[in-house]
Amino acid sequence: MTALAAFDPEARDAAPILRAAGVSVRLGGVSVIADADLELHAGDLVLLTGPNGAGKSTFLRALVGLVPASGEVEVAGRPPASLTGRAAFAYAPDEPALYEDLTLAEHAYLNAALYRDPEAEARTLDLLRTFGLGGRADEYPGTHSRGMRQKLALSLALGLWRPLTLLDEPFNALDLESQELLADLLRDTTRRGGAVLLTGHQRELAGLLGARVVAVRDGRLEPQPAEGERAAPGRAAGGP
Amino acid sequence: MNAHAGAGVVAVGRLRRLTLLRAGRAYARWVGRAVGWWTVAYLVFWLVVFVVSGVQLAVVPAAEPLPPSVAAAASAGLSVWLAAALPRRRVPPVHLDRRDLIRLALAPVPPHAVLAYRRGLGRLGAALGGAAVGAAWSLLAVSYLHVAAPWAALGVAALAVARLDARWLLYAGPMPVLGRRLTAGRVGAVLALVAAASAAAPALALLAGGAPPWAPAVTRSLVDASPWTAAAPLVLVACAGLAARRSLAERWPPRFAPQSFVLAQLGGMRSLQVLSRLSGLDLGGGAEGVERQRLLAALHDRPGSLRPARSLRRPPPTAPTWVALAWRAASSLYRRPVVTWLGLAARATAAGAAGLLAARAVAATGPVAATGAATGAPGGPGASLGGPVTALFAGFLVAQTVAALLGPPAPSRLVPVPPSARTWGRLAPALVALGAGATVAGAVVGAVPGIGPLAAGAVAGYCALAVAAALVLEKYSSWSGAAPTRMEPQAVAAIVVALPALLLEAFGYPEWTLTAQWLVLAVAALVDV
Chain S
1 MTALAAFDPE
11 ARDAAPILRA
21 AGVSVRLGGV
31 SVIADADLEL
41 HAGDLVLLTG
51 PNGAGKSTFL
61 RALVGLVPAS
71 GEVEVAGRPP
81 ASLTGRAAFA
91 YAPDEPALYE
101 DLTLAEHAYL
111 NAALYRDPEA
121 EARTLDLLRT
131 FGLGGRADEY
141 PGTHSRGMRQ
151 KLALSLALGL
161 WRPLTLLDEP
171 FNALDLESQE
181 LLADLLRDTT
191 RRGGAVLLTG
201 HQRELAGLLG
211 ARVVAVRDGR
221 LEPQPAEGER
231 AAPGRAAGGP
Chain Z
1001 MNAHAGAGVV
1011 AVGRLRRLTL
1021 LRAGRAYARW
1031 VGRAVGWWTV
1041 AYLVFWLVVF
1051 VVSGVQLAVV
1061 PAAEPLPPSV
1071 AAAASAGLSV
1081 WLAAALPRRR
1091 VPPVHLDRRD
1101 LIRLALAPVP
1111 PHAVLAYRRG
1121 LGRLGAALGG
1131 AAVGAAWSLL
1141 AVSYLHVAAP
1151 WAALGVAALA
1161 VARLDARWLL
1171 YAGPMPVLGR
1181 RLTAGRVGAV
1191 LALVAAASAA
1201 APALALLAGG
1211 APPWAPAVTR
1221 SLVDASPWTA
1231 AAPLVLVACA
1241 GLAARRSLAE
1251 RWPPRFAPQS
1261 FVLAQLGGMR
1271 SLQVLSRLSG
1281 LDLGGGAEGV
1291 ERQRLLAALH
1301 DRPGSLRPAR
1311 SLRRPPPTAP
1321 TWVALAWRAA
1331 SSLYRRPVVT
1341 WLGLAARATA
1351 AGAAGLLAAR
1361 AVAATGPVAA
1371 TGAATGAPGG
1381 PGASLGGPVT
1391 ALFAGFLVAQ
1401 TVAALLGPPA
1411 PSRLVPVPPS
1421 ARTWGRLAPA
1431 LVALGAGATV
1441 AGAVVGAVPG
1451 IGPLAAGAVA
1461 GYCALAVAAA
1471 LVLEKYSSWS
1481 GAAPTRMEPQ
1491 AVAAIVVALP
1501 ALLLEAFGYP
1511 EWTLTAQWLV
1521 LAVAALVDV
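Order-wise, the sequence lines are chains S and Z. The first sequence maps to residues 1 to 240 in our numbering. The second sequence maps to residues 1001 to 1529 in our numbering.
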C-alpha cells in the first residue's frame, strides 16, 4: 500500500476505506461500545464527539486492534491486523507514543522506513517545520513540552499520507495557531483522497473542520446533523 | 509571614501523619491478608534464631588478639568514608518527589518542614546502616581484638547521620546558617574535615610509630567500653543537624527544585525497571539507558540533555526496512555509556568462548573431527566439555548476551513490518557483536596450551548454535510478548539449541550433532513469527 496520490472524486463511490460493522467492546464485563457501525470513504472527515468516558478513544483503539472487540473491521478491504491493512492507516493516540532515545529527525526517518515510504521522511520534516519545530529536529522529544510532543506525533501520522488517518484528541495541548494549521492539514488530507477519523470533545470542531459528526452516547454511535455555521477557531478548539 | 509559616508547618505535619497512618494501615492490612501476621512473627523468630546461632558458630574467639593496627585501619577507613562526603555537593543527598515539590515546596511553608520527612527517612536509613556496621564491629572486636566496644553501634550510627547532614550542608553551599558569613557550605566543610581528621589521627600516629591517640577521635567508640566515647559523634550529629535545619529556614538551595524533578524521574525510572524485571515486561530495552543518561546530563547541566552526544549516520531512506531497524538497534547501543559497551563486549567474548568450546567438543565427536587433529581428540580437554549440558550452557550464555544487545523493543504491531525484517533488523548488531566476541574468544582459547587453534568445524558449529539461539530468542519473545531479558525466552532458546546434542547422544548418533544444529538453524530462520 503506497501513500496517497491525487484525489480521485470517483473514489468516494468506490469501496469504503474503513468499514466497521457491529463492533462491540466489553471491558471488565462492562459494555463500552455496543454494535457500532461506521463507514468512511475517500475524502471523508469524521469527528467522533461525546463526553469524557463515552468510549471515543476505545472505539478508535478497537478499530486498529489495540482493544479486543467483536464485529467486523476492514481497512481498505483488509483486516487492520494484516500487513496490508496496517500499511493503509496511520494512528496517533491521545498520549504521543514516542521513543525517548530518538531525535525528532530520527523519528521521521524510522517512521518512513517502517512504512517503506522514503518520501514520508521529507514530508514529516516539512510538517515539523510547519509546526515550528524545524530548528529542533535534532533534539530528544523528552525535553519538549506536551504540545511539541503532540506536534511530532501528528507530523508522523500525517506525513505518511495513508488512505486512513485515525487521530485521538489531536487538538489537545496545541496552541491556537497550531490548531488552525492542523485543521488545514486535515482538510488537505481529505482533499488528497484520504479519510480522517478523529475524536474531540467539542462539537464546534466540526464547524472548524467541515467534518461529519458522529456522537458516542451510551456506547452507541449516533450520526448528527451537519452544522451550518463555522465557529471561530480559538473557541472551536477549546481555546480561551 | 510567621502566621503563614506556622500554619504551614502544622498543615504539613498533619498531612504527613494522615498519609503515613493510612499507608501504614493499608500495608498492615495487606500483610495480614496476603501473608498473615502469625506467619511473619514465626519467620522473624526463626530468622533471629538462625542469625544468632550462625554468628555464634562463625565468630570463634581468637586465642591471640590481632595487632592494634587493625583498629587503626578501621579508623582510617572510617575517616576516608567521612572525607568522601566532601566532594559530593553537586546533587542533594535527599530530594522531594514531584507531588511534594508542587504542592508543598511552592507553598509558603518553611523548607525545613517540607523536607523534614525526607530528611528523617534519610537519617533513619543512615542511622540503621551505621548501627548495623557498629554492632558487627562490637561483635568482632570482642572476639578478635579482645576489646569491648559496646557503644560502637551508637557511635558509628551518629557518624553516619552526621555525614548525611554534612553532605546536605555542602550541597546547600551559600545558604546562611548563622548570619551572612557562616554559610552552610562552610559549616559542612568544617564538620566533615574535623570528623575525617579526628578519625584519621590514630592511623597516622600508628604509621609514625607512636601509640594511637584515641582520646580525641570520633571513632573512639570502636576500641573503648566507656559510654562517653559516643559523646563526640553525638555532638557532631547535633551540630550538623542543627546547621542543616537552619540552612532550610526560609529558602531552598537554588538548584534544589529542578534537581529534585530530575532525581524524582530517575527514581521513578529505577522503580519501573525493578518492577518490569520482576514482572518480565520489556519497557524500553536500551532506551531507558539513554533516557537515564539524558536525565543525568540535565541533573548536572552537562551537554547531552537536549541532543544526543553521539549519533550513527542514518541509512538512505530507500534502504530496506530491516536495515532501518538494524540502524535503530545499533544506534541504541552506540549511545549507551562506554562502561556498558565494555560489559557487553565482555559478555559477547564469554559467550563466544563457551560456544566455541562446546562446538569444538561436538566437532571432535563428529565427522568434522576427521579433518584434523587440531580439533582435539575425543577424551582430551575439549571433549570433556562436550554434550548437551555444555550446549545448553553455551546457548543460555548466547541468549543472555543477545537479550542485552537487542536494544529497543520490536516496533508496534500497528506498523506494517514483516516478521523477517523485524527479526534480522533487530538481530544484526547483536550478531556482529557476537561475531567479534567469538573472534577474540577464539584467539584466546586457541592460545591455551592443550587446546590449540580451533578448526573450521568448531567455528561452523558455534555459528549454527549462536545464530539459532539468537533467532529463537527474538522470535519467541516477539511471539509470546515476554521480554527477551526474561529467563523464559532465554531458557527456550538454550533448550532448542541443546536439543540436537541431547537427542542424538541419547539415541547413539552424536556424530550427526553438527548437521542437526544447522538443521535447527534453518528451521528457526524459516519459522515466520
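Hints listed in this document are in silico derivations from the structure and should not be mistaken for laboratory results. Being a predicted model, the structure only gives us computed values, none of them experimental. Cβ coordinates follow ideal geometry from the N, Cα and C atoms, glycine included. Some hints could be false.
Stated by the list, open to error - Computed footprint of chain S on chain Z; a stretch qualifies when at least three of its residues, placed anywhere within it, have a C-beta under 8 Å from a C-beta of chain S:
| id | stretch |
| --- | --- |
| 1 | 1290-1300 |
| 2 | 1310-1319 |
| 3 | 1400-1412 |
| 4 | 1416-1423 |
| 5 | 1512-1524 |
Would you check chain S against the stretch 1512-1524 of chain Z, counting CB to CB pairs closer than 8 Å, and say if three or more residues qualify?
It is violated, with 0 qualifying residues against the three required.
Outcome, coverage of the stretch 1400-1412 of chain Z by chain S - at least 3 residues whose beta-carbon is closer than 8 Å to one in that chain:
Since three or more residues must qualify, the claim that chain S covers the stretch 1400-1412 of chain Z holds, with 3 doing so at under 8 Å.
Test coverage of the stretch 1310-1319 of chain Z by chain S using CB-CB distances below 8 Å; three residues minimum.
With 7 residues closer than 8 Å to chain S, the stretch 1310-1319 of chain Z meets the three-residue bar; holds.
Using C-beta distances, would you say chain S covers the stretch 1416-1423 of chain Z, given that this needs three or more residues below 8 Å?
Result for this restraint: holds, n = 3.
Are there three or more residues in the stretch 1290-1300 of chain Z whose C-beta lies within less than 8 Å of some C-beta in chain S?
Satisfied; 4 residues make the cut.
Of the hints listed earlier, the one the structure fails to meet is number 5.
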